[in-house]
Amino acid sequence: LRELGRLDGARRPEIRDLTAADLDGDGRPELLVCRGTALCCYTGDGKERWAFTTERLVRCVAVGDVDGDGVKEVLCGGDDEQIHVLSPDGREKAKHKMVERLIVGQGGTTLPYVNCLLVDDLNGDGKMEIVAGCTNSQISAFDGQFNRLWNHGGVYHGVRKVAAADLDRDGQKEVLAADHYGSVAIITADGRRKTGAYSELGDVAFDVGDLNGDGKQEIVNGSGTGTLTAFAYPVAALWSFNNYGYAAREVMLWDVDGDGRPETLVASDTGYLYVLDGSGKVKWQADLGSPVLALTRGTAGIVVGQRNGSVLILDRQGAVLAAHRLSSPIKRLKCVDVNADRVDEIVIVTESNLCVVLGT
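As numbered in my numbering, residues 1 to 360 make up the sequence shown, in order.
By construction, these hints were calculated from the structure, which means they are not laboratory data. Remember, it's a predicted structure, so these values are computed and weren't measured experimentally. Note that beta-carbon positions come from the ideal geometry of N, C-alpha and C, so glycine has one too. Check each hint, because a few of them may be wrong.
Claimed, not checked - Here are the computed lysine to any residue pairs in the SDA-like style, where the Cα-Cα straight-line distance is at most 25 Å: (1) K95 with L149; (2) K161 with N147; (3) K95 with K194; (4) K283 with G260; (5) K216 with Y244; (6) K331 with G126; (7) K95 with G209; (8) K95 with G126; (9) K95 with V119; (10) K95 with R6; (11) K281 with Q172; (12) K331 with Y244; (13) K95 with F146; (14) K334 with N123; (15) K72 with R28; (16) K72 with K194; (17) K334 with G209; (18) K97 with N151; (19) K334 with P88; (20) K93 with H157; (21) K161 with G25; (22) K283 with L326; (23) K95 with D45; (24) K334 with L238; (25) K283 with W254; (26) K194 with Q172; (27) K72 with L111; (28) K281 with G309; (29) K281 with N308; (30) K334 with R6.
Stated by the list, open to error - Label pairs and their computed distance ranges (CB to CB): (31) R148 with T53: 18 to 28 Å; (32) Y244 with D65: 28 to 38 Å; (33) T360 with R148: 41 to 51 Å; (34) K97 with S279: 39 to 49 Å; (35) A340 with D65: 33 to 43 Å; (36) E92 with G171: 31 to 41 Å; (37) V282 with G25: 36 to 46 Å; (38) A51 with V71: 19 to 29 Å; (39) G359 with E48: 18 to 28 Å; (40) L321 with R101: 46 to 56 Å.
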């Protein structure tokens, strides 16, 4: 692995999120980085294209055509309690002020700092909905004009991650929201709260996929205090994996062995990457020597980031194919084909808020 570029390496305000999308239609994705009080748009070679600045920390970014005009918008949110909707060139088109407040006893901030954003067609009508998860245990869904469709509290101590999946095969997607208290909340497209998936008290990492080939989506919930549990839907526990009290930092479902069914990959503070079969048994494990803090996949294989600053590419049997070492722990990874050559580059964010692009 070699370093292809650093994004604004001379200045390092906090990076909270990043994503990639082809905003100008040239076939090459731009990188969108939440850096301090700004959302910055970079080309794949690290040149800043534009920056949108707010008054407070920017925590999250998402991309989608929210107004139905055939052009993708960029959405960002953070500690100014706003969802900002931007054009592909960074001009603000709309914004929405979050008004939902903390319910006493649920934990988190008093004010609704926007921590997670999701843009997806939840109900199958061809129009995008916007889901915002906040640090004050509140989650809300809106249409493209910010008419609120539903709201729930009780995502305890704040929303860590949001995703959407059709769990019951009815053509509509459920919203899944991870909290800091051991649970994945499940909410239907029309706003009905269902029984959530609980593993154990702690920060939650999760993923969704058909583990057993029955055509239904299962949920795998990994806790920051060591328990990882797979659930069918409607929620019923299928199996658990003992991580010996160490945090499950990331959970990723991916078909590692090519049999048509995803395995569960667990990035663990034990320093191991575990790969589990559909019944929760260990297929293989790789002792990587330092806690595994970040996990993703790309064209080259499985990619992990570690506390010792290492970024490793592993093959489907767990052998290390390539490595690169940075000076601080890795907190975020994303595989993106930034130069449109059909080979993914690796975008890395470190604990020291350096953003680096690696290639093979």
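The hints, checked one at a time:
Proposed proximity of K95 and L149 is supported: the alpha carbons are some 17 Å apart, at most 25 Å. This hinted pair checks out: K161 and N147 have alpha carbons roughly 22 Å apart, not beyond 25 Å. Between K95 and K194 the alpha-carbon distance is near 30 Å, which puts this suggested pair outside the 25 Å criterion. Restraint check for K283 and G260: the C-alpha separation of about 15 Å stays at or below 25 Å, so the hint holds.
Proposed proximity of K216 and Y244 is contradicted: the alpha carbons are some 29 Å apart, above 25 Å. The hinted pair formed by K331 and G126 fails the criterion: a straight-line CA distance of about 35 Å is larger than 25 Å. Distance check on the hinted pair: K95 and G209 sit about 34 Å apart at the alpha-carbon level, beyond 25 Å; violated. Proximity of K95 to G126 is assessed by CA-CA distance (about 22 Å); at most 25 Å being required, the pair is judged to hold.
About 15 Å separates the Cα atoms of K95 and V119, which keeps this hinted pair within 25 Å; it holds. Our distance criterion of 25 Å between C-alpha atoms is broken by K95 and R6, whose separation comes to about 31 Å. For the hint pairing K281 with Q172, the CA-to-CA distance comes to about 32 Å; that exceeds 25 Å, so the pair is violated. For the hint linking K331 to Y244, the alpha-carbon distance of about 22 Å falls within 25 Å, and the restraint holds.
Taken as a hint, the K95 and F146 pair is honoured in the structure, with Cα atoms around 9 Å apart against an allowance of 25 Å. Between K334 and N123, the direct Cα distance comes to roughly 28 Å. Violation of the 25 Å bound is thereby established for this hinted pair. Of the supplied pair hints, the one linking K72 and R28 holds, its CA atoms being roughly 15 Å apart against a limit of 25 Å. Simply put, K72 and K194 have alpha-carbon atoms about 31 Å apart, too far for the 25 Å limit, and the pair is violated.
For the suggested pair K334 and G209, the alpha carbons sit about 20 Å apart, so the restraint of at most 25 Å is met. Only pairs whose Cα atoms come within 25 Å are accepted, and K97 paired with N151 is accepted, the gap being roughly 14 Å. Distance hint between K334 and P88 is fulfilled; the C-alpha atoms sit about 21 Å from each other, no more than 25 Å. Between the alpha carbons of K93 and H157 the distance comes to roughly 31 Å, so the proposed pair goes past 25 Å and is violated.
Using a Cα cut-off of 25 Å, the hinted pair K161 and G25 is violated, with the two alpha carbons roughly 28 Å apart. Restraint check for K283 and L326: not satisfied, since their Cα atoms lie roughly 30 Å apart, outside the 25 Å limit. For the suggested pair K95 and D45, the alpha carbons sit about 30 Å apart, so the restraint of at most 25 Å is broken. Proposed proximity of K334 and L238 is contradicted: the alpha carbons are some 30 Å apart, above 25 Å.
Between K283 and W254 the CA atoms are separated by roughly 13 Å; this keeps the pair inside 25 Å, and the hint holds. As the CA atoms of K194 and Q172 are separated by approximately 14 Å, the hinted pair is consistent with the 25 Å bound. About 29 Å separates the Cα atoms of K72 and L111, which puts this hinted pair outside 25 Å; it is violated. Restraint check for K281 and G309: the C-alpha separation of about 29 Å exceeds 25 Å, so the hint is violated.
As the CA atoms of K281 and N308 are separated by approximately 28 Å, the hinted pair breaks the 25 Å bound. Our distance criterion of 25 Å between C-alpha atoms is met by K334 and R6, whose separation comes to about 14 Å. Checked against the hint of 18 to 28 Å, the pair R148 and T53 passes, with Cβ atoms roughly 27 Å apart. Checking the proposed 28 to 38 Å range against Y244 and D65 shows it is violated: the Cβ atoms sit about 45 Å from each other.
A hinted range of 41 to 51 Å for the beta carbons of T360 and R148 is consistent with their spacing of about 46 Å. In this structure, K97 and S279 meet the distance hint of 39 to 49 Å, their C-beta atoms being roughly 47 Å apart. At about 22 Å, the beta-carbon gap between A340 and D65 misses the expected band of 33 to 43 Å. Checked against the given bound of 31 to 41 Å, the beta carbons of E92 and G171, roughly 34 Å apart, stay inside it.
Taking the beta carbon of each, V282 and G25 are about 45 Å apart, inside 36 to 46 Å as hinted. A hinted range of 19 to 29 Å for the beta carbons of A51 and V71 is consistent with their spacing of about 20 Å. Here the CB-CB span from G359 to E48 is close to 20 Å, well matched to the stated 18 to 28 Å. About 49 Å separates the C-beta atoms of L321 and R101, a value consistent with the hinted range of 46 to 56 Å.
Violated hints, listed in ascending order, are 3, 5, 6, 7, 10, 11, 14, 16, 20, 21, 22, 23, 24, 27, 28, 29, 32 and 35; each of the other numbered hints is respected by the structure.
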